[in-house]
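Enquirer: Residue numbers (this note's numbering), protein chains in the order written: chain A, 50 to 254; chain B, 9 to 108.
One thing to keep in mind: the hints can contain errors.
[To be verified] Derived coverage of chain A by chain B (criterion: at least 3 residues anywhere in the stretch with Cβ under 8 Å from a Cβ of chain B; other residues may be distant):
id	stretch
1	58 to 70
2	87 to 100
3	103 to 115
4	130 to 137
[To be verified] Straight line, CA to CA, 25 Å or less: simulated SDA-like cross-link-like pairs of lysine to any residue:
id	chain 1	residue 1	chain 2	residue 2
5	B	96	A	100
6	B	96	A	142
7	B	96	B	75
8	A	212	A	231
9	B	99	A	159
Just so you know, the hints here were simulated from the structure itself, not pulled from any lab data.
Note that CB positions come from ideal geometry on N, CA and C, so glycine has one too.
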Amino acid sequence: MNANQLFYAALGLAGAGAMGAGLVTAGGPGLAFGFCAYLILGGASVCIWEQSIVRSAFSLMGTFLGVAGLFVLLGSDFLAMAQILIYVGGILALLLFGVMLSPPDSNERSMARVGGTAVMIGAGVAFVVAQVSGGVAGWLIADQLPEPNSQARAIGLAFLDPKQYVVAFELAAYLLTVALVAAVYIARRRRADFEPEPEAQGGQS
Amino acid sequence: MALEAYIGVSVALFALGLVCIISRRNILYVLFGVEMILNAASINFAAFNYFNGGGIEGRVFVVFIIILAAAESAIALAIVLNVYHLMKTVKPSEADFLRE
Numbered sequence: 050m051n052a053n054q055l056f057y058a059a060l061g062l063a064g065a066g067a068m069g070a071g072l073v074t075a076g077g078p079g080l081a082f083g084f085c086a087y088l089i090l091g092g093a094s095v096c097i098w099e100q101s102i103v104r105s106a107f108s109l110m111g112t113f114l115g116v117a118g119l120f121v122l123l124g125s126d127f128l129a130m131a132q133i134l135i136y137v138g139g140i141l142a143l144l145l146f147g148v149m150l151s152p153p154d155s156n157e158r159s160m161a162r163v164g165g166t167a168v169m170i171g172a173g174v175a176f177v178v179a180q181v182s183g184g185v186a187g188w189l190i191a192d193q194l195p196e197p198n199s200q201a202r203a204i205g206l207a208f209l210d211p212k213q214y215v216v217a218f219e220l221a222a223y224l225l226t227v228a229l230v231a232a233v234y235i236a237r238r239r240r241a242d243f244e245p246e247p248e249a250q251g252g253q254s
Numbered sequence: 009m010a011l012e013a014y015i016g017v018s019v020a021l022f023a024l025g026l027v028c029i030i031s032r033r034n035i036l037y038v039l040f041g042v043e044m045i046l047n048a049a050s051i052n053f054a055a056f057n058y059f060n061g062g063g064i065e066g067r068v069f070v071v072f073i074i075i076l077a078a079a080e081s082a083i084a085l086a087i088v089l090n091v092y093h094l095m096k097t098v099k100p101s102e103a104d105f106l107r108e
């Protein structure tokens, strides 16, 4: 049994454990939460583990879908939709373009480096969690949770309300316009790229 | 599920994103890690919003995070394309163009 098989076996066990723990502690919603959490963390783990960048990119799709599932559990249907449309449909497709830039490199993932970083960051996170976990119980505001209802209309009205977010909304529109035009400008092919090969230096930017 | 569960998932996702950024030697994995960290922040905003009475403030911030992520990944990919074009590599450690 090699390391890869061990990793995926552990991942499957962790998924079953997460869903079982959720089912035991909170019933149906707990099961859904366990499944989403498993999608998120499992996708992220596979993304870090895999040597093939294509597999990493596709496993990231599990993370994004799991986050969308959590949004549904949190009563934010609009966010779940936006998450799937923009992240899974747009950003991931964009990232997959970058895959074409990197040839496979079997030495790129060094176990010592990944393991060492994971241990260090895990220890740091465990320390911080241990520090604050005493006070977290006080953060809960309401025992009785509100009924989930669609927020798309309220969010849309808040974006266009001069007393709330209209300035930020317009700025976001400008930001997106500038960013996308700039992205096209940066990534465009220059005239020199189409010519056979100028002598001294090709494609200076 | 309680707030702690959502925060736990968010913390774990943030940590995995950090591991991804630090440990891999390929700029695309750095972008993957950044997306993970942004998603962890989104989970936090949505969870706190929900457990704080279910207004829309946190959700509005999540929408802004998604907008920022879209702009960020478009620009980052364009920069990566350019870096690859100039240096024929996508590894940050080998992109030492300014050193000369």
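Enquirer: Failing hints, ascending?
Expert: 1, 7 and 8
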